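Participant: Read top to bottom, the protein sequences are chains Y and B.
Taking the working numbering, the leading residue of the first sequence gets 1, the next gets one more, and so forth.
Taking the working numbering, the leading residue of the second sequence gets 1, the next gets one more, and so forth.
It is possible that part of the hints are untrue.
In silico PhoX-like links for lysine-lysine, alpha-carbon gap of 20 Å or less [as the list claims (entries may be wrong)]:
(1) Y:Lys284 x Y:Lys257
(2) Y:Lys249 x Y:Lys189
(3) B:Lys5 x Y:Lys222
(4) Y:Lys259 x Y:Lys249
(5) Y:Lys221 x Y:Lys288
(6) B:Lys5 x Y:Lys221
Read the hints as simulated data drawn from the structure, not as lab findings.
Predicted, not measured: the structure shown is a model, and the values here were computed from it.
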Amino acid sequence: MSKRIGMEIALAAAEVAALCRPDVIAAYPITPNTHIPEHLAEIVAEGHLDCEYLPVESEHSALSACAGASAVGARVFTATSSQGLLYMGEIVPIIPAMRLPIVMALGNRALSGPINIWNDHSDVMAVRDMGWICLFAANGQETIDMIVQAFKIGEDHRVMLPVLVNLDGFQLTHVVESMIMPDQEEVDKFLPPRKPYATVHPDNVVSMGTLGLPEIYTEAKKAEDEALINSKKVILEVWKEWEKTFGRKYEPIESYKTKDADVIMLTVGSMYETAAIAVDQLHKEGFKAGLLNMKLFRPFPADELKAAVKGARVLIVTDRAVMCGGAQAPVCAEVKSVLYDEPVRPAIVNEIIGLGGRDVRVDDFIKMFKKAATADKVKPERAYEIYGVRSS
Amino acid sequence: MAEKKWPETWQEINPGLMVFKPASARSYLTGGWRAQKPILDNTKCIKCGVCYLFCPEGCITEDAEGYFMADLNYCKGCGICYHECWPRAIKMVED
Numbered sequence: 001m002s003k004r005i006g007m008e009i010a011l012a013a014a015e016v017a018a019l020c021r022p023d024v025i026a027a028y029p030i031t032p033n034t035h036i037p038e039h040l041a042e043i044v045a046e047g048h049l050d051c052e053y054l055p056v057e058s059e060h061s062a063l064s065a066c067a068g069a070s071a072v073g074a075r076v077f078t079a080t081s082s083q084g085l086l087y088m089g090e091i092v093p094i095i096p097a098m099r100l101p102i103v104m105a106l107g108n109r110a111l112s113g114p115i116n117i118w119n120d121h122s123d124v125m126a127v128r129d130m131g132w133i134c135l136f137a138a139n140g141q142e143t144i145d146m147i148v149q150a151f152k153i154g155e156d157h158r159v160m161l162p163v164l165v166n167l168d169g170f171q172l173t174h175v176v177e178s179m180i181m182p183d184q185e186e187v188d189k190f191l192p193p194r195k196p197y198a199t200v201h202p203d204n205v206v207s208m209g210t211l212g213l214p215e216i217y218t219e220a221k222k223a224e225d226e227a228l229i230n231s232k233k234v235i236l237e238v239w240k241e242w243e244k245t246f247g248r249k250y251e252p253i254e255s256y257k258t259k260d261a262d263v264i265m266l267t268v269g270s271m272y273e274t275a276a277i278a279v280d281q282l283h284k285e286g287f288k289a290g291l292l293n294m295k296l297f298r299p300f301p302a303d304e305l306k307a308a309v310k311g312a313r314v315l316i317v318t319d320r321a322v323m324c325g326g327a328q329a330p331v332c333a334e335v336k337s338v339l340y341d342e343p344v345r346p347a348i349v350n351e352i353i354g355l356g357g358r359d360v361r362v363d364d365f366i367k368m369f370k371k372a373a374t375a376d377k378v379k380p381e382r383a384y385e386i387y388g389v390r391s392s
Numbered sequence: 001m002a003e004k005k006w007p008e009t010w011q012e013i014n015p016g017l018m019v020f021k022p023a024s025a026r027s028y029l030t031g032g033w034r035a036q037k038p039i040l041d042n043t044k045c046i047k048c049g050v051c052y053l054f055c056p057e058g059c060i061t062e063d064a065e066g067y068f069m070a071d072l073n074y075c076k077g078c079g080i081c082y083h084e085c086w087p088r089a090i091k092m093v094e095d
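All chains, full assembly: derive it from the sequences and hints.
Facilitator: In structure tokens form, the structure reads like this:
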């Protein structure tokens, strides 16, 4: 039976990852990593989980070990953050290209420099186009649920892709929350052992990670892109099954009070819950605010986005990373490109918020809503704004 | 129909570009990359096998008499055998 627990979310993420019975965990468990691999090491050391735990010498080795383990058919879990993800960088695009399922919990933390490690999305945005499925949790419960779902999605033979479960660093990883933790029996039932498509083994003839000459690289990339796009069908299936089994609903874009909303805001990650309080307050004032939260970022939920913003006059897209020197911040750039061909679309305002752990409070969201209300008449000076930046 | 050298369309690609045919790389003849080829002079060769050990392609083999020869189907013409052969029994010539 599922049980309500109060626990630090990183520890809960480790507990639930253990319930998924991974065969191999490889991680570099010091800063910028979170408590996730640290607690998994304890679980394995105390004999609660029969698993090969590899405390390797770097994140590059961690993800390399994960790739090898997944290639021989193991269920694989890892976790990292910030610079750790970038140190894995060389291996990150190889995993989806080889169609190796791996689940990684990414405690989203800012990239250096300056040295920071507090929460924002600059780490995941650096790898967003490398072929991983990207899920974003808004709270502890979603973190737990998504880790279990991620194994089922990634290991499906129609998918065979790695999955990044994003949870905001500190705002989620280091916060104690009330969550419902499934038990071993429930997880086992939902998530049977992995049945690998192919395994590297002396008895099987297979080469993985082969060379793609100019004659084949283009077709290989197209096949990889299609695989990621098509994974959405399985993601939706798994989410349906999750809802049926555990009663908690998941959808690519969750909406809050968007019916008849005049100004809608899109958030990604844990800011959603703070922004929802702002929306409630604005409703009391008669301001028709609505809120969207993107839970699925890769593959990008274009159709769901189009449907979700229908009827809104203004759309505020929040970003948690700067696309230095770019035309826009990353989430908004994609939102704009999806809505460009729509005959009727809202005016779009791009607010970059919460960089490197900067607090974004309820009154900040209220200010953003009120300021954006005239965006369809008065065009913002720039394509994006870094909210709350001190200027002289 | 002749066997395809590689998948024609993206739909024909195995997931992850996995290859299920053993030793399929053998059908890819890298000799075409070569600009120069090694000529091994058996009058100078002392059968030490240094060329065999250093060849990064593994394309040098020993014949029945103990002399060495390069398989020009795979030799890329890198010249490492020429560089390492201390009795100077190997020279590189335009191919």
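Participant: Compare the structure with the hints numbered earlier in the document and write down the numbers of the violated ones, lowest to highest.
Facilitator: 5
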